[in-house]
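> As you go down the protein sequences, you meet chains G and B in turn.
When the count follows the working numbering, it moves up by one through the first sequence with no breaks and lands on 383 for the last residue.
When the count follows the working numbering, it moves up by one through the second sequence with no breaks and lands on 989 for the last residue.
These are calculated hints, taken from the structure and not from any lab test.
Take these hints with a grain of salt, some might be off.
Claimed, not checked - Derived Cβ-Cβ restraints for the label pairs, each shown as a range: (1) B:Ile946 / G:Asp349: 28 to 36 Å; (2) G:Gln345 / B:Glu768: 38 to 46 Å; (3) G:Val309 / B:Pro905: 21 to 29 Å; (4) G:Gln345 / B:Gln717: 16 to 24 Å.
C-beta atoms are modelled at their ideal positions from N, C-alpha and C, and glycine is treated no differently.
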Amino acid sequence: QHANTHVSMGSYEERLDSFAGVQHPIDPERLARAGFYSTGTGDRVLCFCCGGGLKGWQPEEDPWEEHAKHYPGCRFLLEEKGQEFVNNVQLQDPQR
Amino acid sequence: TRPRPRRDSIQCYKMDASPCGHCLIINNVEFDPRSELSNRTGSNIDCDKLERRFKALNFIVEVKANLKQRQIKHQLSALSKKDHSQFDCCVVIMLSHGTEVSHSRFPGAVYGVDGQHIPVQYITNYLNGQHCPSLQGKPKLFFIQACGGGEKDTGFEVSPDEVEPSFGGEDDQTDAIPMSSSSDSLSMSDEPDARATLPTPSDILVSYSTFPGYVSWRDTQSGSWYVETLDRILEESASINDLVTMLMMVNHEVSQNSAKGLYKQMPGSFNFLRKLLYFQTQA
Ligand SMILES: [Zn+2]
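Same shape as in the complex, but just chain G (with noise of 0.2 Å):
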């Protein structure tokens, strides 16, 4: 539903620069990497390109993997990972 509406965190720099100030558990590069930008609420992201949003994130977690786990049907996140990553995470069992 939120494709449309952030195409301005289409680009790595601008997501980074979402979290400039902001004190996240997660290595910002690392979530703007894979299409998170911070939203300014807590620890809560937005991915740019399915809308799909996390919060409460644990220092262990892996950005690519939660956004495979919680959305596995954005578009940005199949380009750049891949389907058969996708379903790795899909398939790891029991999920969740």
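Got chain G; can you put chain B with the ligand on it based on the hints?
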């Protein structure tokens, strides 16, 4: 071999109801010439295989052939209105042409024989906790063999925003189900997911023959790679393996296959199940 749990537990879904549940197969073969979609020769082979397979897995199988978009909606609506309280599971199988539609969880769409498509996200919504309370907390499985939709559809894309308004508009009331949300909020109450900020669908698994937007191979003589492989792996190993393990095997085998030595096909699994699922088998 592992013991096969039948009772509901933290790790496994209860799967011992007899019969286990409903299985609806929609087999679209002959398309309206105006749709510019080709007839799907070989699909009856897929349909027969899966009808036999899910009967063997103790499902009540119903096959519907050559449905238009609104007839697909009507069948799904009717399925969602059934009382599933005596059953443990529900399966929907779609054999048709498909196309690309964006969605963060369940992308893709499937065509009616009239050339009108229905997004996969809506197909899953019919059976979610809100719209089908008697399936709450129970696994809802969707198997989709969607052929590329022909040259016409390569790269064709509709955003969810564009699709929504038509949903409900021309439908009669019995078919009017959910708008956009893929939420299954009623059934997530036992395990709220703090991670995702969009409501998380639960107990839903969608297995696609191919990632939406990619070509799915179908042999006019032997049916589709995906269904052939799925059917064989269910036959060979449903008595020992859980569904997710079997889908890993299906994905691996299909992706090893290649058409004319050039093209690859990778099935897609979008899995929001919370537990392991073991089918009922004779053994
Ligand atoms: Zn995304």
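> Using the C-beta atoms of Val309 (chain G) and Pro905 (chain B), is the stated range 21 to 29 Å upheld?
25 Å Cβ-Cβ, so the 21 to 29 Å window holds.
> State, for the Cβ atoms of Gln345 (chain G) and Gln717 (chain B), whether the hinted interval 16 to 24 Å holds or is violated.
Since Gln345 (chain G) and Gln717 (chain B) have Cβ atoms about 22 Å apart, the given range 16 to 24 Å holds.
> So does Gln345 (chain G) sit 38 to 46 Å from Glu768 (chain B), Cβ to Cβ?
Because 44 Å falls inside the window, the suggested range holds.
> Measuring from beta carbon to beta carbon, are Ile946 (chain B) and Asp349 (chain G) in 28 to 36 Å?
31 Å, holds
When each numbered hint is compared with the structure, no violation occurs for any of them.
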